[in-house]
Amino acid sequence: MRRVIVLIMLYLLMQAVLPLGEGTPAALVLMAFGFLILGAYSVGELATTIRLPKIVGYLVAGLAVGPAALNFVSTPVMEQLAPVSELAIALIAFLAGAELHLDEVRKRGVLLVKMMTAELSVSFLGIVVVLVSLHRFLPFLNGAPMSEVLGFSILFASIAVVHSPAVTMALLSESGAKGVVARTTLGVVLLADVAVVLSFSGALTLARVLAPPPGGEGIGFVTVLWEIGGAVLVGAALGAVVALYLRFIRRELFIFAILVAFFGAEIAGLMHVETLLTLLVAGFVAENAGGGEGEHLRHAMERAGAPIFVVFFALAGAKIKPDAVLQLWPLVIPIVVVRAAGIWAGTRLGAWWAKAEPEAAKYTWMGLISQAGVAIGLSSVVANVYPERGEEMRTLFLAMIAINETVGPILFRIALLRSGEATPASFRGGGH
Amino acid sequence: MSASLVLILVVATAYLATHLLYEWLARRLLIVSGAEYLVLGVLLGPQVSGVISREAADSFGPIIVLGIGWIGLTVGMQFYLPRLVRITGLTFRLAVIESLVTLSVVTGVLWWALPALGLTSKFWAIVPALALGAIAVASTPSGLDIALRDRKRREPVVNQLETSLGVNAFVAVVTAGLLFSWVHRAPTTALRPPTPTEWAVITVGVGVLGGTLFHLFLGEERKVDRLVVSLGGAIILASGAAAYLNVSPVLATLVVGIVLVNTSRGRAELRTVLAEAERPFYYVLLLLAGLSWRPSTSATAVAVVALYLVTRTVSKVYATRATTAWNKATPQLGRDWGKALIGQGRLTVALALDYARRPELPIGDVVFTAALLSVLLTEFAAARLVRAALLPIVEPLRDLAHRLPWVDTAEHTAETEIPRSESGATSGVFVPHVNEGASTLFGPEVDGPPAALPEQGSTDQRTPEASR
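Protein sequence lines correspond, in order, to chains A and B.
Sequential numbering from 1 applies to the first sequence in our numbering.
Sequential numbering from 1001 applies to the second sequence in our numbering.
These are calculated hints, taken from the structure and not from any lab test.
Only a predicted model underlies this, so the values are computations on that prediction, with no experimental measurement involved.
Fair warning: there could be bad hints in the mix.
Claimed, not checked - Derived contacts from chain B toward chain A, CB cut-off under 8 Å, selection only: (1) Ile1008; (2) Gly1061; (3) Asp1225; (4) Leu1237.
Heads up, the beta-carbon is just placed ideally off N, CA and C, and yes, glycines get one too.
Next comes chain A alone, as it looks inside the complex (with noise of 0.2 Å):
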């Protein structure tokens, strides 16, 4: 009940607010930030008492509020809170590294390259199919010669397949759970997201060889190869950094850490390198290097994190276009399902292969349907690069992701029930 009036009340300060006030944009954008923290938390929770997962809530927060319905946090508002969406992106990519113990890798790392390999590879294969089969119906791939419809299948796979760190992170932080679904599902998405990013610069580089963009500017191996080397490098140093910070110093971690996920993020676009990579190894780096202080730091991070998580999600719900997912979903429909089987048929397969756990190899595939900012960021770059068709392009996947980010989180939170890695009650009492 408390939840309700406080979203009553939000309601009523936004409905009162908007007409009387002229300030500036930064005001309104701060207003939105707040609003979007207290609304989207309290919707989260509401979410929880139907057995819903905190990130769906936040996710129909966001939309509720955004353009698609009452329109409080608008497009230019949105825009000028991506920074928020950066930073959030960059915690979770950090946060995600620092999960990577040493130890684990070593035990478990044959385990989950196999799994992830196997899975990677089946779902991808699927997506290339479905996509090759109904090119005509896709506005993106219609009238193409078929290299092109080979080389645009072959990118928006590489795309489709990722995960979502973000949400895999989230609910492993609200639920607590640490058994072996919990880290293999985390493993797998880690170092999938690494393979992705690996293999969406193949698969953008062979497509500009397929299909140059409009303007012929084309991409080297040189600049695929800095972009990710010199990801490894950079984050290997600002871990280094991090790691010293935390041995010698260990002061003001509160803020020490968002400045680390700002400074990386930022330090990443400056010297055109992969940002995700750039801040999982620098997580990575910063925990087995840091004289085991490193729990405090991602402490911190996730407490600092969290309002920022929360209006990530919340950018992510308001970002979501109803319309087009309803024009689009004879298409959606098919391309998600195959993409859902491919990762179970994947999964049970590299569960097999690398003689997984018997829970592994049962509920792992339910950690893997999330997806959200990692493939709305990288099917940006492709809009960025075919201005038209990449339009399109992402307008497919925002309807996908919309699909998956719903029920993705949904899944997961199923698959950590059954297999009694969590509680419902550890879930009405986790983190965010």
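Since the structure of chain A is already known, use the hints to place chain B on it.
Below, chain B alone, put in the same frame as chain A:
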């Protein structure tokens, strides 16, 4: 290189430099750290080196508003009613009179001077004059905080200083808030533009709503993570809404703070959360204030700035002296405790930024420059000013000499180990564990009630010794 990256690098470097250099300086020379960030901001900003352009500096607008709101909240958090009611009427009376005298004197002098110097019309002069008057009232608790951190504060003069710092902050914020309601430009979208009174009510309403939302949102939860989300949400929403309505974010969040501290059972956790982000937040705000600074185009502005500094200092010193003598409290408080109120810090910066970000108000650059210069000139010396204020009464309060060993000789200063605070910082290092006034009424909770001045005419005419 992007402006954000420059800002991050500068803050990080300055922060480390502060740890390495200023910790040493503060311990030995009682220099308060903070104002150097202001200088750094000016040096990096468009007026000097141009490393950060005007557009880039403007893009930090939301952070500035949030910083202003944060400071308002920390001021409001000190007004915990059960503690306030234990302070005697005389202590309050001295504090209120000093605040109002400073406000009146500075406002009056500048109201006369601004048109005389040709900076504004006589009609409009009251606006910047009142703004400067409000800013003049604010004093930093840095010096007191450095001198007395981790020590019990039960001496009447210390209690008086704490109360005065809190009352100063309150009067400054409320005056500025009412001023912004009074000169509010009418929105074109509203059917009937609200009156100044209505704008004032709206400002307070935003604060009450923000505080209520926090309270409802948090419920009975005590988890720090949840506290961060709800506190962050309440501050950001209240500051943003106030700024969007063009009313005072400091006043709105001051009200949020008052509501929180008086309704939440997790006051200790709230303080912990606030303290964690307080110092870096202040540094960033100082840096952004330096970036936002624009020199006045008028040469007579220098005279206004000088007049502000002189009038304020004279008012603080002599208003307290006269009021203390008039109330026959000189034996307990000494004559010069007003010197401890000369230092200015973060609330001054927040109020000045709040004024300067409104292009419709006259001579924002002059008001801003006066405030920044005052911080620059007085904050470094805040701890020394406190020492100067306390020295004359150290003899009667011998116990205080043990608690403040540095007041005896300069040599002691170098030898004295300053205890570590909760966050690990040495107490002599950084100003701002708490906001202007935040180390006062809200400050460390001592065992038992704070020492109070005996009410004038009351039967409890204890000596300072007895009052301990």
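Structure-based check of each hint:
1. The beta carbon of B:Ile1008 comes within 5 Å of a beta carbon in chain A, closer than 8 Å, and the hint placing it at the interface holds.
2. Checking B:Gly1061 against chain A by beta carbon gives a least distance of about 3 Å; that is within 8 Å, so the hint holds.
3. Checking B:Asp1225 against chain A by beta carbon gives a least distance of about 5 Å; that is within 8 Å, so the hint holds.
4. Among the interface hints, the one on B:Leu1237 holds; its C-beta lies about 3 Å from the nearest C-beta in chain A, closer than the 8 Å criterion.
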